[in-house]
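For the sequence shown, this note's numbering gives the first residue as 1, with consecutive numbering after it.
Don't read these hints as lab results, they were simulated from the structure.
Hints are supplied without guarantee of correctness; some may be wrong.
As the list claims (entries may be wrong) - In silico lysine-lysine, DSS-like type, Cα no more than 27 Å apart, as pairs:
id	residue 1	residue 2
1	Lys-143	Lys-159
2	Lys-130	Lys-143
3	Lys-130	Lys-159
4	Lys-51	Lys-40
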Amino acid sequence: MTFEELLNSVLNLFEGGYAFNVLDPGQETYRGIARAIWPKFNGWELVDQIKRRYPDARDDWDGYMRASEPLQDRVISFYRFDFWDNWRGDEVLEISPAIAFEVLEGAINQGLERTAIFLQTALNTLDRGKAEDLVLDGVVGPKTILRLERSGDPLVVVKMLECQQGMRYMEIMHRNPRMEIFARSWFRRVRLG
1 MTFEELLNSV
11 LNLFEGGYAF
21 NVLDPGQETY
31 RGIARAIWPK
41 FNGWELVDQI
51 KRRYPDARDD
61 WDGYMRASEP
71 LQDRVISFYR
81 FDFWDNWRGD
91 EVLEISPAIA
101 FEVLEGAINQ
111 GLERTAIFLQ
121 TALNTLDRGK
131 AEDLVLDGVV
141 GPKTILRLER
151 SGDPLVVVKM
161 LECQQGMRYM
171 EIMHRNPRME
181 IFARSWFRRV
191 RLG
């Protein structure tokens, strides 16, 4: 399995295409990239060109965007350099494709730092008493990779990541009931089976 195969799986399963929801803090989003959070993503200029070119075809924008090879290349580059390489994705993939998938999916949805903390928390929990706890710094560095290599059953790590992700969604909705509109789509991401 490669980075691009994992990315395509995550995007096709969970991210869809173009969306704009005023209740979503990210507001305008393309393939999981929220303009409010990533305003410097170099694909926004292509998104805007498509919207200007077809102003009366809102329902078709996503199709036009998906057909734009330059836009798809920019999405892949964005996730490669701003996500995958920042958490040592190739090393995690060598250890476990399932964990790499879960970390990539979590990073796209909840941010890299939060997802790295979830990973570090899971690894600390699994390694109780055997080694000093990892610092929950949100950085997948050499110590996190070493602990991941020693973690044992990758399925347990994946389930622990998904449980934390689900709890995060519950906390968000508890603090802001308006976010309950996203409950079904968020919890499709939490696959404990």
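Hints, one by one, checked against the model:
In summary, the hint linking Lys-143 to Lys-159 is supported, as the alpha carbons are separated by about 21 Å, within the 27 Å threshold. With a C-alpha separation of about 14 Å, the suggested pairing of Lys-130 with Lys-143 holds against the 27 Å cut-off. Taking the CA atoms of Lys-130 and Lys-159, the gap is about 21 Å. The hint holds against a cut of 27 Å. This hinted pair checks out: Lys-51 and Lys-40 have alpha carbons roughly 18 Å apart, not beyond 27 Å.
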